Amino acid sequence: MNYREIAYNGVWKQNTSLVQLLGLCPLLAVSTSFVNGVSLAIATIFVMALSSGVVAGVRSFIPHEIRIPVFILIIAALVTIVDLAMNAWLHELYLVLGIFIPLIVVNCIVLARVEAFAAKNTPLVAAWDGAMMGVGMVVAIAVLGGLREFIGTGMLFSGIEMVIPGSHALQLLPEDYPGFLVAILPPGAFLVLGFLIAGRNWLDARAEQRARLSAPAQATA
Amino acid sequence: MFAALLVMAGIAVVLGALLGFASIRFKVKGDPLVDKIDATLPQTQCGQCGFPGCKAYAQAIAKGEAEINQCPPGGEEGIRKLADLLGKEFKPLSAEHGVEKPKQVAIIDENACIGCTLCTQACPVDAIVGAAKQMHTIVAPLCTGCELCVSPCPVDCITMVPVPEAVETWKWKYPVVAIRVQETA
Amino acid sequence: MNEDSAARASLRNAAILTAFAVLFTALMAATYRATKPAIDASAEAEKMKLVNEVLPDGLYDNAPLADWIDVPPREELGLAAQDAPVRLLRARKAGVPAALVFEAVAPDGYGGRIRLILAVGADGRVLGVRAVSHKETPGLGDYIDPKKDRNKAAPWIRQFDAKGFGDVAAADWKVAKDGGRFDARAGATISARAVTNAVRRALQFAVDRRDTLYALPAQSALGKEGQ
Amino acid sequence: MNGTSPHLHQPISVRIIMLKVLAALVPGIAVYVWFFGAAILVQIALASAAALAGEAAILKLRDKPIGLHLGDGSALVTAWLIALTFPPIAPWWLVVTATLFAIVVAKHLYGGLGQNPFNPAMVAFCVSIIAFPALMSQWPAAGHTDFAAQMAVVFKSQSAQDAVTMATPLDALRTQLHTPEARATVAGVLGSHASFGNIGGKGWEWIALAYLLGGLWLLRERVITWHVPAAFLGVLALIAGGFSLASPDRYAGPAFHVVTGGAMLGAFFILTDPVSGATTPRGKLIFAAGVALLTWIIRTFGAYPDGMAFGVLLMNLSVPLIDMGTQPPVFGHKGKEGSDERR
Amino acid sequence: MTGYLFILIGAVLVNNVVFGRILGLCPFMGVSKKLETAVGMGAATTFVLTVATGASFLIDRYLLVPNGLEYLRTLSFIIVIAGLVQLTEMVIQKTSPLLHQVLGIYLPLITTNCAVLGVPLLNIAFRHDLIESLLFGFGSAIGFSLALVFFGSLRERLEGADVPLPFRGSAIAMITAGLMSIAFMGFAGLDKY
Amino acid sequence: MLAALFKFKGGVKPASHKDESTQTPIAAVPLPAQLIVPLRQSAGGTPQPLVRAGQKVLKGERIGAPEGNFSSAIHAPTSGTVLAVAPRMLPHPSALSAPCVVIAPDGKERWIERTPVDYLAESPDALRDLLRDAGVVGLGGATFPSHIKLKPGASGRIATLILNGAECEPWITCDDLLMRERAEGIVRGIGILRHIVAAERVLIGIEDNKPQAIAAMRVAAAQAAGIEVVAVPTRYPAGGEKQLIRVLTGIEIPYGRLGTEFGVQCFNVGTAYSVHRAVELGEPLVSRIVTLTGNVERPGNWEVPIGTPIDELLSLAVPRADTDRYIMGGPMMGFTLPRTDLPVTKAANCILAASPALFPPQGPELPCIRCGACTRVCPVELQPHELYWFSRAKNFGKAQEYNIFDCIECGCCAYVCPSDIRLVDYYRFAKTSMRALEREKAAADAARQRYEFRNFRNEREQKEKAERLAAKTAAARQALAGGGPPAAPEHAAALPQLDAAKKALIAAAVERARAQREGVQPKNTDDLAPEKQAEIREIEARRAKVREIAKTPPEEPV
Ligand SMILES: Cc1cc2nc3c(=O)[nH]c(=O)nc-3n(C[C@H](O)[C@H](O)[C@H](O)COP(=O)(O)O)c2cc1C
Ligand SMILES: Cc1cc2nc3c(=O)[nH]c(=O)nc-3n(C[C@H](O)[C@H](O)[C@H](O)COP(=O)(O)O)c2cc1C
Ligand SMILES: Cc1cc2nc3c(=O)[nH]c(=O)nc-3n(C[C@H](O)[C@H](O)[C@H](O)COP(=O)(O)O)c2cc1C
Ligand SMILES: Cc1cc2nc3c(=O)[nH]c(=O)nc-3n(C[C@H](O)[C@H](O)[C@H](O)CO)c2cc1C
Ligand code: SF4
Ligand code: SF4
Ligand code: SF4
Ligand code: SF4
Ligand code: FES
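Same order as they appear, the protein sequences are chains A, B, C, D, E and F.
Heads up: the first sequence begins at 1 in the working numbering, then just goes up one per residue.
Heads up: the second sequence begins at 1001 in the working numbering, then just goes up one per residue.
Heads up: the third sequence begins at 2001 in the working numbering, then just goes up one per residue.
Heads up: the fourth sequence begins at 3001 in the working numbering, then just goes up one per residue.
Heads up: the fifth sequence begins at 4001 in the working numbering, then just goes up one per residue.
Heads up: the sixth sequence begins at 5001 in the working numbering, then just goes up one per residue.
Don't read these hints as lab results, they were simulated from the structure.
Only a predicted model underlies this, so the values are computations on that prediction, with no experimental measurement involved.
Where hints are given, some of them may not hold.
[Claimed, not checked] Below are the BS3-like pairs computed for lysine-lysine, each with C-alpha atoms no more than 25 Å apart in a straight line: (1) K5394(F) <-> K1036(B); (2) K5441(F) <-> K5398(F); (3) K2047(C) <-> K2177(C); (4) K2049(C) <-> K2177(C); (5) K5007(F) <-> K1091(B); (6) K1055(B) <-> K4094(E); (7) K1081(B) <-> K5108(F); (8) K1088(B) <-> K5018(F).
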């Protein structure tokens, strides 16, 4: 697998949020707005890349039966570091994201990736893979969060001032847009993600169909 | 700082010891899963899955080394069963391993057979009878339709024919549902 | 498998796990030390931010966060006997009492308790009120939180600002629907009523016990009977 | 394939069943108009149009025969029930969006008629009350049948005047009785409001009665069976009766619960939705009793004034388990020896 | 007494782990294709979650807080949970190969069921005592199992439905979960006195 | 009169349309030009043909011998010449062919020697054998060999004999007329059946829409003691065996169990009549009563020799012009005939001419709305919509959990379904698919065993050969061989795993085999007819050519 392939794999083909359906909790819980979702996802990328790299580096010393505790140890330590750092320097965001920062630990993707990939590859490749899986999540959570925020409030990027001081949210719909509240509540998360998954399936199916249609054309040409 | 190290080290010691001990105490032998997987495979023994026989394929699946969609004779139904058994997502038959065909049996053109026994040796289920240099015949009810005997035959006298339907074994067609117009998506 | 090899495996695993645990704990402890000052500062800033929302900036020059007393749960603050004591902060300018900042609870919100923080000036006027946490229906009752209030220019909860019993008599300190002076958003009177009543009770408490509250030494507690 | 047995068929169709349901709703609608004005007719028309348009669009997307499926009438039943459970002066876009949500998401994403696990009309109701609680609790007062004024609220998003709308009895009970500080009594709340009738709100008793009549006709026509209405109304009355006997000040009585909110409409028209409900006789009893229990609990202690819709959805999601658990014994598999009575 | 009841009702229904707190979704989506596996997973999770909540409470109360080590919560909780899960896995594998095979890759995934860490963390945040912790853990687990079992039975029925192609599989499952979550919102307010 | 009757749940009441075909008595059919007699006309094994083309047969002569005890004999329906023993299309929904004996009648109707038997003097076993050899099978539709149904089951004795004269399907009247006209024969047949199983009680169940048949049977039954004629309420499918037993005795017989286990057994009245003919007249079952009705000018009942082509029969009833298809059996359970030149079989009780006016074509299938109408009418108390849901999704395991095999395919559910779903077709699809799966499973198990055995044998042989070879061959060669001689590798897929040395060795072996083969003539051709010998010579020539072409050894030496 080259780096390109890993990237395609992580972002589209094996997208954790839309295909593998792993790491769903932060995806659904924190995607109430674009900013929240993306912030958490970026923290996740950081942990994923680092932990994959570290695990790939130390894996040969670890006996099989304690591999999971050790991996978790590594990840948990990294997460705690992120947690402390955000608490110190992005305090408001830290309060908003709540327990979902420590929960990056369990974020199944992290572990699934570590188990499936990092344990079999060199640190650099593993770190890249971790990062790309995280990017896949960023993409999904950005779309999900953006959609939910837009449908729910008619705005986008609310809370951006917590990350980039001085910037402002966009009011996309008129002020008197009533706001489809369900989109921001838990049901909205499930429903919108359902549509996203279906959309991805549809795009995939269409691409496949095109490929099939163009293949015979090429053959005759 | 020191307290932290002490606490974590303590937890680690206890857990490591416990797990090490349990991993030995509760070691499992044998794998009942292989037999269950093998039981769902069609036993055509054709090797199209890329493994020498259904059992080998079953072992590969159990170890996680093979996908569940590699057995053409089992077809979609077979994949579905495997998916159910293993709690995996169904996926269509992988094209590189072949296509699903109706069940076939081999027929030896008895006039052309030279009695070379190559087919007998190829047949995984001893469905071909006939001694060396004698004309060979296929016992149709035993033949699994694996096609393995076809290519070894030096005079190409073996052909595969679909199993004919009989009144006793006839199956009702799946009722045509008018509302299920071909999906376009 | 004999006991011996089991024991050996256990030992080895324990050793390895411990090594990792020690290593990473050390790493974390280091990070903790490095970030602790910043975290403490953030927490402090967080609290001050809340205080500053209800307490205008130039009004005081002491550190209210240090000048606190504990108030046992009382009905005026919407608290029941089993609740934890409330921390009451005192702002002073040049040592002169300027304002009291404390939490009060409106127990009868639509979705349950609404926790408020409010500042009462030394003159017995409300300086500001904010909802700290509530479970009112999003989109309906949540206008009590100015962040959610659609009327950004004049959020509902600011109508208490600069009002005291001199401006609105205690008997009129109610929502219009109940014959009072404060309006409520149509279709969501319950939340407004709960907040208004809670503010009235809390203000009454602050006015009644004003002197005791300012007089108590810092970091002491108000007695059961309000002494 | 035409030519397999049986070659004979009774001349009934889904369309006839659905038309009968619609017909049975007519008396209720008539009384509704009498008490609350013609706005409801506009809502019904809006919902119907939205339902048919949404259904047609999906069918087109999926390349299915549009005429065939639109003609089955089920979308109309859904639309009418949505209109009848929504406040008649809800803004037009609310009814339209909710109906589209019901038809597209709750019904057609599952493959359309017959395959949806959740009652589409109740999905529409619940989504709307969660998203727009204020709009969903704007009920007109009886007697205010001024059509122009109502239309202004519906189409021009004029916020409804306090004179025109009022808190419903369920809402009043919920907010005045079951908040922590409440010291009111049932009699106090219900009696305090001039236009509340003796039982369930002025006009609503009569509408409920009309629904009851329509429902009984459906029963006679064998479109529905007795299990669901009987179990629902019975259990609801039983629970309400028990509690109000024990504490008449805190809990409203059975008569109130049965005629107020969506109870009567639900008993005969909503819980009886064959698609999303249980199918075995015992299953129907459990299903309806479950809805009754949940309705009462949510009405009495919950955050939403009428719990029936949530009760229906909650029981909908239990239907596969209920059906599984209540399979009636099959011919010959009943007794020990395969026969239950021998001579 | 009523306090305990409200903790239970709250954990099981009102703030259901899956539909309200949005935790434990991976197993919720992954192990619900069949009712049978859903029941098994529910049982396994119930055990692990209850014990994990209790154990983490004890660790927090008697090891971390006295030493000012709150920042080690995440690490120590997750390690204990991981060990617990692996132990359970080994025991199940030995005693019931069938259950092990059915639960397949999901047993180790209990470790990564974020409810198993999330509930203990919430539990600490809510300042429960030991009994309340156990109730909270158990209630959350029951809520999870309940959601999982209902979802499993619905998905089994959905297998026969003529769902539009792009929605087949996980998409319609998500939609179903969304509608279930709408239904569960009906419980709002039941835990508040 | 008996005490109150029992009831079965469900059932439907379609218009009965019996009067059309009861206006005229049973008529005889002129002999057709050809009779096509399928060899397999009952459940169980296919009888072996006893005649060859060209052979002359007498009426009643056995032309098919029962295959094992679970089978029934087949007889020539008239005297004449056998034209062929060959596959012909059967009147079966599959439109498949099966072996038939085609007879050209000589018009003389010469019987074999008929030997009446005094049944009272015979043992039950002998009588059962007699029935088997006389080809007596159930004429109620299932054509189950009657002698098997007469074996007492676990409960020891069949205390109650039930005679099924319900004829619950609309349009069909063959049993009705038989009872009206030949009640005495039926009652005599009942006497024989009763003697065989030593039944205490006989109940004849007749739907109350056939008063004349009831009257006739009452008169005939009065002559014997202990036979009771019971009018049962008209409700389809009251004539289903289990439903009738339930109505008359209250006993419910579950799927997969026999009435004999519960001390009851049920026979069609036509069956009883043919028992009488077989025993007391010595005439095997060579004809049956068939109702021709529906969209025809002259509906009625005919006594038809088995094997009569249906189109010849139809000309007697004169179908109307708008007839679009023909149904064999009744409108509820019958199937559309693929063609009309097919023979009448023992199962054919009715040929129904259908027109769009009589049986309007069904609309397109709509989705099931779970309305439960089907549940209310299912006489087996199944959940038809669940069966449909699972069958449609091909979830056979679930369908079986919901007892799909209990379904008697009566069609009540499809009759009432407002969505016009072809429910029964789904059940038939599911049932036949499941049976096929079971057969496949059995075949797979057998294949696994044979495969494992072969592997075991190969291993053993390989080891033995290796040992032998190791002792014999030169050291160098041994070093090359490594693993032993070219015993058959398991198959193609295993090949890549062989190392190059082995491959070389195998190629050499093949070359040797080829050289040897070239010198030798096939030996199994010695005692063949001259023309075959010539053919073989020709083939040999072809083979020589093939060998020329295929000089390169085959890639795979297996
Ligand atoms: C689902 C739902 C949620 C509600 N939430 C609130 C709320 O959070 N705050 C509130 O004051 N009223 C809320 N209400 C409205 C109250 O029930 C009640 O109708 C209203 O407060 C009466 O106000 P009015 O007198 O101005 O009409 C809600 C109503 C519903 C149906
Ligand atoms: C199907 C149906 C559903 C209803 N749902 C609600 C509801 O969710 N909330 C509510 O407050 N009133 C609801 N109502 C209205 C109440 O039944 C109430 O009796 C009525 O609004 C009283 O109005 P009044 O106070 O103006 O007489 C519903 C009515 C019907 C027919
Ligand atoms: C739905 C259904 C209806 C039937 N109706 C009749 C009937 O009306 N008359 C009849 O003799 N057999 C009928 N049968 C066949 C009987 O079940 C049973 O096979 C027969 O009575 C047994 O007698 P036999 O072995 O002599 O044919 C029916 C079967 C089914 C499944
Ligand atoms: C008796 C009866 C009751 C019905 N009730 C409802 C209902 O409550 N909500 C609804 O959306 N559709 C209802 N329908 C229509 C239809 O069954 C429904 O739209 C299906 O759920 C769509 O698949 C009903 C139909 C009948 C025959
Ligand atoms: S492909 Fe052939 S050998 Fe492989 S499992 Fe299937 S049937 Fe068996
Ligand atoms: S005869 Fe040929 S096709 Fe049949 S099983 Fe044997 S090798 Fe396979
Ligand atoms: S009668 Fe038809 S539509 Fe009604 S439940 Fe049965 S199968 Fe479904
Ligand atoms: S065909 Fe089968 S399922 Fe339908 S009514 Fe008859 S017995 Fe019941
Ligand atoms: S992210 Fe919560 S369970 Fe996977």
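Hint check:
Under the criterion of a C-alpha separation no larger than 25 Å, the hint pairing K5394(F) with K1036(B) is consistent with the structure, at around 21 Å. Restraint check for K5441(F) and K5398(F): satisfied, since their Cα atoms lie roughly 18 Å apart, inside the 25 Å limit. Our distance criterion of 25 Å between C-alpha atoms is broken by K2047(C) and K2177(C), whose separation comes to about 35 Å. Proposed proximity of K2049(C) and K2177(C) is contradicted: the alpha carbons are some 34 Å apart, above 25 Å.
Pair hint K5007(F) plus K1091(B) does not hold up; C-alpha atoms about 50 Å apart against a cutoff of 25 Å. Of the supplied pair hints, the one linking K1055(B) and K4094(E) holds, its CA atoms being roughly 24 Å apart against a limit of 25 Å. With a C-alpha separation of about 62 Å, the suggested pair K1081(B) and K5108(F) falls outside the 25 Å cut-off, and the hint is violated. A C-alpha spacing of about 57 Å is found between K1088(B) and K5018(F), which places the hinted pair above 25 Å, so the restraint is violated.
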